[in-house]
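**Q** Going down the list, the sequences are from chains A, B, C and D. Note that the numbering used here numbers the first sequence so that position 71 is 61, with each residue one more than the last. Note that the numbering used here numbers the second sequence so that position 1 is -9, with each residue one more than the last. Note that the numbering used here numbers the third sequence so that position 19 is 9, with each residue one more than the last. Note that the numbering used here numbers the fourth sequence so that position 43 is 33, with each residue one more than the last.
The set of hints was computed from the structure by calculation and includes no laboratory data. Any given hint could turn out to be false.
It does not matter which identical chain is meant; a pair holds if it fits inside one copy or across any two.
[As the list claims (entries may be wrong)] Below 16 angstroms or equal to it, Euclidean Cα-Cα: the simulated EDC-like pairs (lysine to aspartate or glutamate) are:
{"hint": "1", "residue 1": "K24", "residue 2": "D68"}
{"hint": "2", "residue 1": "K4", "residue 2": "D71"}
{"hint": "3", "residue 1": "K24", "residue 2": "E46"}
{"hint": "4", "residue 1": "K4", "residue 2": "D65"}
{"hint": "5", "residue 1": "K24", "residue 2": "D71"}
{"hint": "6", "residue 1": "K42", "residue 2": "D23"}
{"hint": "7", "residue 1": "K18", "residue 2": "D65"}
{"hint": "8", "residue 1": "K4", "residue 2": "E46"}
{"hint": "9", "residue 1": "K(-1)", "residue 2": "E46"}
{"hint": "10", "residue 1": "K24", "residue 2": "D65"}
{"hint": "11", "residue 1": "K4", "residue 2": "D28"}
{"hint": "12", "residue 1": "K42", "residue 2": "D0"}
{"hint": "13", "residue 1": "K42", "residue 2": "D22"}
{"hint": "14", "residue 1": "K18", "residue 2": "D28"}
{"hint": "15", "residue 1": "K(-1)", "residue 2": "D68"}
There are 4 protein chains.
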Amino acid sequence: MKYGYYDTKDPLQKRLNRVEGQVRGISKMVQDDKYCIDVLTQISAAQAALDKVALELLRGHARHCLTSNQNQSKDGIDKADELVGAISRML
Amino acid sequence: MKYGYYDTKDPLQKRLNRVEGQVRGISKMVQDDKYCIDVLTQISAAQAALDKVALELLRGHARHCLTSNQNQSKDGIDKADELVGAISRML
Amino acid sequence: MKYGYYDTKDPLQKRLNRVEGQVRGISKMVQDDKYCIDVLTQISAAQAALDKVALELLRGHARHCLTSNQNQSKDGIDKADELVGAISRML
Amino acid sequence: MKYGYYDTKDPLQKRLNRVEGQVRGISKMVQDDKYCIDVLTQISAAQAALDKVALELLRGHARHCLTSNQNQSKDGIDKADELVGAISRML
């Protein structure tokens, strides 16, 4: 079965590999006694990157749910995008 | 120079290595077409783990700032812990 | 037209009135020079109460979207609840 | 005793009164059956306003803590601002 994020699998994995590199870089900063506030800034950047991945997954999921077995695909997609927009403002 | 997180360097790095493994696991879940909501749950877990690392760094930083060149160490530490507690409730 | 939160209008308004009272209380704390960390704790409580209202609205919206013009109501409700659960963990 | 937010009491109370009005407006939107996503947008705006109040309080608190009984006031203020900047990125 194809899930909602099927069409964005490649970019999602690229983003996740980048986050993995970011976290490895943060570990190296701690190893090298880098300044605390600079480490925190990199952690915030990794969190923001994970937020983007999560929102992309949510968008795919909501679109999939709202359009399957329905004829009103266009409206379903708009509703799902709107929902994800609302969630992204709450994060 | 020794920064505020000096005393917790080892546990911080262990946590970060674990987060790196979590992110790699999330990438594998996407690769294997795992169910979207399950992937989101793992992303939330990685975010929570990064929050804990950030709060530990903040705690060390605040303690360091508030106790250096001061004689009132005990009070400085309490103030800093209190501050971090407040921040953790805001996340 | 009846929107998704129609059935929970009363409890939603009761919650919002309570949040309004909380914010008025926070303003009074600032007026009375209450201790900063205590004010922050009350702000976190108000934020948590608003999160709950938002999630209740999202749940109603998602349920409404996923069940209208569909015969598979039961599945639509489960999907929507699951979605809201995922979002709540991201906040 | 004068707490850390003493100098910004007036603007803080003005902001909080505005948030109180926002929450009252949200309650009215629910009363009037306004569209769910529009209500969520207003909730996000109220949350953002509360975040700003909280960060202002934190800034005052950190500055106060880091400069009292110290001679290095300038450095203490920079450290506190830096801390608040880091926290604001985590929210």
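**Q** Which holds for K24 with D65 at a C-alpha limit of 16 angstroms: within a copy, between copies, both or neither?
**A** Result: close neither inside a copy nor across copies, 50 angstroms intra and 19 angstroms inter.
**Q** Is it within, between, both or neither when you check K18 against D28 at 16 angstroms Cα-Cα?
**A** This pair counts as within: shortest intra-copy Cα distance 12 angstroms, inter-copy 30 angstroms.
**Q** Check K24 against D71 for me: Cα-Cα at most 16 angstroms, and say if that holds within a copy, between copies, both or neither.
**A** neither (40 angstroms within a copy, 19 angstroms between copies)
**Q** From the Cα coordinates, with 16 angstroms as the cut-off, is the pair K24 and E46 best called within, between, both, or neither?
**A** For K24 and E46, the Cα distance is within 16 angstroms only across copies (15 angstroms; inside one copy 32 angstroms).
**Q** At most 16 angstroms between C-alpha atoms: does K42 with D23 qualify within a copy, between copies, both, or neither?
**A** neither (29 angstroms within a copy, 18 angstroms between copies)
**Q** Is it within, between, both or neither when you check K(-1) against E46 at 16 angstroms Cα-Cα?
**A** within (10 angstroms within a copy, 31 angstroms between copies)
**Q** Using 16 angstroms as the alpha carbon limit, work out where K4 and D28 are close: within a copy, between copies, both or neither.
**A** This pair counts as neither: shortest intra-copy Cα distance 25 angstroms, inter-copy 19 angstroms.
**Q** When Cα atoms must be at most 16 angstroms apart, do K42 and D22 count as within-copy, between-copy, both, or neither?
**A** Answer is neither: 29 angstroms inside a copy and 20 angstroms across each miss the 16 angstroms cutoff.
**Q** How would you classify K42 and D0 at a CA-CA limit of 16 angstroms: within, between, both, or neither?
**A** Answer is within: at 14 angstroms inside a copy they meet the 16 angstroms cutoff, but 30 angstroms across does not.
**Q** Please sort K4 with D65 into within, between, both or neither, judging by C-alpha distance up to 16 angstroms.
**A** neither (30 angstroms within a copy, 32 angstroms between copies)
**Q** Have a look at K24 and D68 and pick one of within, between, both or neither, based on CA distance no larger than 16 angstroms.
**A** neither (45 angstroms within a copy, 18 angstroms between copies)
**Q** At most 16 angstroms between C-alpha atoms: does K4 with E46 qualify within a copy, between copies, both, or neither?
**A** within (13 angstroms within a copy, 29 angstroms between copies)
Going down the numbered hints, you'll see the structure goes against 1, 2, 4, 5, 6, 7, 10, 11, 13, 15, while the others check out.
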